[in-house]
Amino acid sequence: MRILFINNNGSGYADYVNIAENTTIDQFFAIKMQGEQTGDYLIRVNRQPVPKDYCLCDGDRVTITPVKIEGAIC
Amino acid sequence: MRKEKIMKKYKNIVRLSNLLLEALCELKRQRLRQIQSSFEDFSYKCCDATKDSHLFYAAIEKGWLSGAEKVISRVSRNLNDFSYHLQRFKELINADETKLPKLSDVFAELSQIDQELGEYQFDLKERTISVITEPITLDDIPFGPFEIKLFIDQINKLYTDSPFRVIALEPNPAGADDNVTHPHVSSERLCEGDGHVSIRRSLEQGRFCDFFTMIVSVLQTYNPDSPYISLDDWEGISCYDCGCTVSGDDCYYCESCDRDYCSQCSTYCQMCDTTLCLGCAYECPSCNEPVCQSCTAKCKDCEEVFCKDCLTEDGLCQSCEEQRKEDSDEEQASESKKPETCVAVQSNSVGETIVHA
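In the order they appear, the protein sequences are chains A and B.
In terms of our numbering, the first sequence has 65 at position 65, counting the first letter as 1, and numbering is strictly consecutive.
In terms of our numbering, the second sequence has 55 at position 55, counting the first letter as 1, and numbering is strictly consecutive.
Don't read these hints as lab results, they were simulated from the structure.
Some clues are possibly wrong.
Stated by the list, open to error - Partial selection, computed: residues in chain B whose CB lies under 10 Å from chain A:
1. 104
2. 115
3. 186
4. 189
5. 190
6. 192
7. 195
8. 201
9. 202
10. 217
11. 225
12. 243
13. 286
Note that the Cβ used here is the ideal one computed from N, Cα and C, for glycine as well.
Sequences are here, hints too, so could you generate the full structure?
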């Protein structure tokens, strides 16, 4: 099945990705954000927070946004 | 009555969504114009790569083989440049995958902002949409809440300027610079650092909730490697001369130029004890001590400036005083010789003659 994945980490991108049936949001995060902690990100499915065992459905919109972004001096 | 209120709010959200969508369309147009200009440049490059074909043809026809070889090496060089321009052009074309959101998407974004970041402010006259953050504290230093104000009419300038401002509502600016209200905010402009690309991309794609959320994330994070003013120096004052930050107790205020200096860049008047910066202090050429302007005076003879301690009661410096003394001694000496010669001349009547009437 296909979902829309919006990754606001790094350079950020929004793209459709194919995932296996019954993939939970926790598993999806582990695959896409290797080495990262869920606590450092705001995870939304269809604009709403979901429990980590939420099973993703076809056409879902997943947004992952870091809660800590280092600013700089311009 | 309640229904009317809800309808009014709903209408406002639709109006705002339309405005935002129009701004995104304009941004897209700007982007396409950029591609259009690159398109024209690329056409010229294509012409450049093949411009010598007629020379090559002529050289072959006339049997000028070395001339033809020269043309080939020139074409080869041109092709190297051409492949570079082709690659750049391909990148530019492929990078423009931004699809404009639908009105319903923008509407949903605004509802999400309401849910996640609290009620946003929409100023139709100013054409801005604002979100107010929670009070922000970094390393126990409170910065108060910030207003993130997005200027809708400036979204189309995204590639050249920042279309939003970050305004401190209860400012606690750095001691060294009132314009710095957060380690990463100067003159209401946020330096997004690591978030630069993703924040801009979210705006391009009309993901307004992500846009505001990421700005809040930058405001809630301190990057000690690259702040405008580090949190360690936040309460301090910057020396106007050398720029180093010093605490309030180690700061010296120059009463002459009204600026703050560190201990290395300040001194005091040796006569009246007024604090001065090194630039305003005057070093007396006689005693070499620093003094303030009001404790100096010009020597009446040489007009050089000295501290008042180094001038005599008559307003003379030491060397002019000595000079005057020497002059007066000489004068006295010459005056004491004068009467003798006069008497001798008159008594002898030398050079006098009788004039008949």
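Consistency of the hints with the structure:
no.: 1; hint: 104; result: violated, 12 Å
no.: 2; hint: 115; result: holds, 8 Å
no.: 3; hint: 186; result: holds, 8 Å
no.: 4; hint: 189; result: holds, 7 Å
no.: 5; hint: 190; result: holds, 7 Å
no.: 6; hint: 192; result: holds, 6 Å
no.: 7; hint: 195; result: holds, 4 Å
no.: 8; hint: 201; result: holds, 5 Å
no.: 9; hint: 202; result: holds, 7 Å
no.: 10; hint: 217; result: holds, 4 Å
no.: 11; hint: 225; result: holds, 8 Å
no.: 12; hint: 243; result: violated, 14 Å
no.: 13; hint: 286; result: violated, 48 Å
In summary, the numbered hints that this structure violates are 1, 12, 13.
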